[in-house]
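Sequence lines, in order, name chains A and B. All the letters of the first sequence, read from the start, carry residue numbers 4 to 283 under our numbering. All the letters of the second sequence, read from the start, carry residue numbers 11 to 309 under our numbering.
Worth flagging that the hints you see were computed from the coordinates, not collected in a lab. Careful, some of the hints might be misleading.
Said to hold, decoys possible - Calculated pairs, SDA-like style, for lysine to any residue (alpha carbon to alpha carbon, straight line, at most 25 Å):
hint, chain 1, residue 1, chain 2, residue 2
1, A, K114, A, K170
2, B, K247, A, I208
3, A, K140, A, K230
4, A, K174, A, F112
5, A, K113, B, I296
6, B, K31, A, E175
7, B, K304, A, I125
8, B, K145, A, T20
9, A, K113, A, F191
10, A, K14, B, K221
11, A, K113, B, Y48
12, B, K307, A, I122
13, B, K145, A, K113
14, B, K95, A, L24
15, A, K14, B, F125
16, B, K145, A, A41
17, B, K307, B, I239
18, A, K113, A, W188
19, A, K271, B, T127
Unchecked claim - Label pairs and their calculated CB-CB ranges:
hint, chain 1, residue 1, chain 2, residue 2, range
20, A, I122, B, L175, 31 to 41 Å
21, B, L175, A, F81, 38 to 48 Å
22, A, N75, B, F91, 39 to 49 Å
23, A, T49, B, R87, 37 to 47 Å
24, B, S205, A, S229, 52 to 62 Å
25, B, D174, A, I122, 32 to 42 Å
26, B, L107, A, L263, 23 to 33 Å
27, A, K170, B, D174, 25 to 35 Å
28, A, F81, B, N217, 52 to 62 Å
29, B, K120, A, I260, 18 to 28 Å
30, B, L36, A, I122, 19 to 29 Å
31, A, E141, B, P173, 36 to 46 Å
32, B, K120, A, E141, 25 to 35 Å
Glycine included, every Cβ here is placed at the ideal spot set by N, Cα and C.
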Amino acid sequence: MKKYNVISALKIFVLITFSFLFLFPTVWMFVTSTKTVAEISAEIGTMKSFVPNFNYINSWLEPYKEIFNRFNFSLHFFNSVFYSFVIVAGSLFVNSLAGYALATFDIPFKKYITGALLILIIFPFQSVLIQIFIIIKEMNLTNTVWGLALPHIGSAFNIYLFMVFFKKIPKELRESAHIDGASDWKIFTKIAIPNSKPIFLTIGILVFVGSWNDYVWPLMIFTETSKYPLSVAVNIMNETKPIYLNQVMAGLTITTIPILLVYIFGQKYIMPQNTSSGIK
Amino acid sequence: MDKVRKNINKSGVLNFFFCSKFLFLLPAFALITVFVIYPLILAVGYSFTDYYLLKPNDVSWIGLDNYIEIVKDKYARSAFFNSAKYVIYIVPLQVALSLFLANLIAKKSKVNTFFRTAFFSPYILSIIVVSLLWKNILDPNAGIFNVFLADLGFSKQGFFTDPDLALPTISFIILWQGISFQMLILMAALQDIPSTLYEAADIEGANGWQKFKYITLPSIKGQLVFVLIVVTTGTFKIIIEPLVLTNGGPDGSTASILLYMFDQGTRYRQIGYSSAITVVFAFMLIIIAAAQRKLFKEE
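So here's chain A without its partners, still in its complex pose (with noise of 0.2 Å):
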């Protein structure tokens, strides 16, 4: 009994600290966002910078709204919110499509179309990054929510996730919905989408969490800086003198409230579970 006991307090001792080690930067970003300069530098080294000062609490958003004066940040927070918009629409549209096609149609060299699409998805947007450039700059499009999104919306791996998913579907729904007349155009908005809430929900957010993060490609083909994203925002924010700690962290604490809000409310769809299923 007593060898247990050791063990169970040492297992405690390691949770507590790993949860210490994951936690402390994120928990010093937050609470560092509500203090004053003077407080930052009084404080730090000690435990006190990991833990908000509740007689200030009225003086707590002041970072917050310098950085919007400064900044300017409202513009690129909506660009950020107006880009994943136009991302996501466009990559649940297209890609839908494109795996109920292969799902249930009767389509010549099927099975040669979904090999070359396992085949493509090897290759990560990144490694072409030089190449997609200059595509958008001879289709002139730098500088244009269309060169940030088109890249991004056509996308192998969401087809194959959506036509695994679309096989599913009985087809059952399918085959009376035609002997009845229907198109194959309404059978996919009519029958196929009602019944697949759940993978269009993982793919919006995967996607959206995927084009609020994106910072390479948008630094690329923006030279405006007034049409940059968020993500680029808050690097140029850190490196704009002089710079203050508390607006810095509060320029990522607005970056990471909308995603942390999709993770609350999404959380039923993005359990990697989904992403993991079927491998056994």
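Guided by the hints, dock chain B onto chain A, whose structure is given.
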């Protein structure tokens, strides 16, 4: 001629292209052709030229010169070595630690829900946030970690400026964020193992290590291989962290393959040379993918 057309029609090819079914595929295939397949073809084509971004009309074929240059270029060589180092530093530790932590919190309980949330928290931060956060925490002068070190009587460390420290520091940051997701995958796998297996082992008098080796490991082998593959390919593709934290420095000691490719293409505008690096990288991806297929087939 008529016969040919008839034959084609029989197989449905002609019908297919003129009916609505093809329209379902068209948008996605157009986008993938233009933004995935065509760039890959361009990369191969450019890699045999001296294409310089500012002189698009003065491009000539130079054969394999770019590829020879990769071998000769000290910084290109170190970028390839750096990527290998990232893989060696990150992959084993990340897989081992996520398995270790998943084991500790697999049992469903209220306390474990707290720990799970804590361990998962880095995952919701974007890469740029993680990079800037740690950049400030580990800042050589004002970073809380260095102030803490100084208070303990140690000297301050240039985590991003010391050539011996920069790459391990970036590896740590990537590891710090990456563990969470892999941990959840392995945790779900552990929870799927039927408890009767362990009960039977208890009756046989097996100890903890034996249970881990003969029950746990074989049961989650599939997910372990999956995690191993995801982490390896993910680590291979890193670009944002070194770009933001060190810009590849000091003296190219943290540049990954993709960052070096990106740098050559954007900052130095050497599209031809950059494309050659992309082609080599793509070949490495193909080899890795083939190895993965083999691993999965053995499963």
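Hints, one by one, checked against the model:
1. K114/A to K170/A: Given that 25 Å is the threshold and the Cα spacing comes to 14 Å, the pair holds.
2. K247/B to I208/A: 22 Å, holds
3. K140/A to K230/A: 16 Å, holds
4. K174/A to F112/A: 21 Å, holds
5. K113/A to I296/B: Between K113/A and I296/B the Cα gap is close to 23 Å, so the pair holds against 25 Å.
6. K31/B to E175/A: This hinted pair holds, its Cα atoms lying about 19 Å apart.
7. K304/B to I125/A: 15 Å, holds
8. K145/B to T20/A: 22 Å, holds
9. K113/A to F191/A: Judged against 25 Å, a Cα distance of about 19 Å means the pair holds.
10. K14/A to K221/B: 18 Å, holds
11. K113/A to Y48/B: 21 Å, holds
12. K307/B to I122/A: 17 Å, holds
13. K145/B to K113/A: Violated, at about 49 Å.
14. K95/B to L24/A: 24 Å, holds
15. K14/A to F125/B: This hinted pair holds, its Cα atoms lying about 12 Å apart.
16. K145/B to A41/A: 21 Å, holds
17. K307/B to I239/B: With a Cα-Cα distance of about 14 Å, the restraint between K307/B and I239/B holds, given a limit of 25 Å.
18. K113/A to W188/A: 20 Å, holds
19. K271/A to T127/B: Holds. K271/A to T127/B sits at ~15 Å (cutoff 25 Å).
20. I122/A to L175/B: 31 to 41 Å: 39 Å, holds
21. L175/B to F81/A: 38 to 48 Å: Given range 38 to 48 Å: holds, Cβ gap about 39 Å.
22. N75/A to F91/B: 39 to 49 Å: 42 Å, holds
23. T49/A to R87/B: 37 to 47 Å: Holds, at about 45 Å.
24. S205/B to S229/A: 52 to 62 Å: Holds, at about 59 Å.
25. D174/B to I122/A: 32 to 42 Å: Distance hint for D174/B, I122/A holds at roughly 40 Å.
26. L107/B to L263/A: 23 to 33 Å: Holds, since L107/B and L263/A (Cβ atoms, about 24 Å apart) stay within the stated range.
27. K170/A to D174/B: 25 to 35 Å: Violated: the Cβ-Cβ distance is about 52 Å, outside 25 to 35 Å.
28. F81/A to N217/B: 52 to 62 Å: 60 Å, holds
29. K120/B to I260/A: 18 to 28 Å: 26 Å, holds
30. L36/B to I122/A: 19 to 29 Å: 20 Å, holds
31. E141/A to P173/B: 36 to 46 Å: 40 Å, holds
32. K120/B to E141/A: 25 to 35 Å: 58 Å, violated
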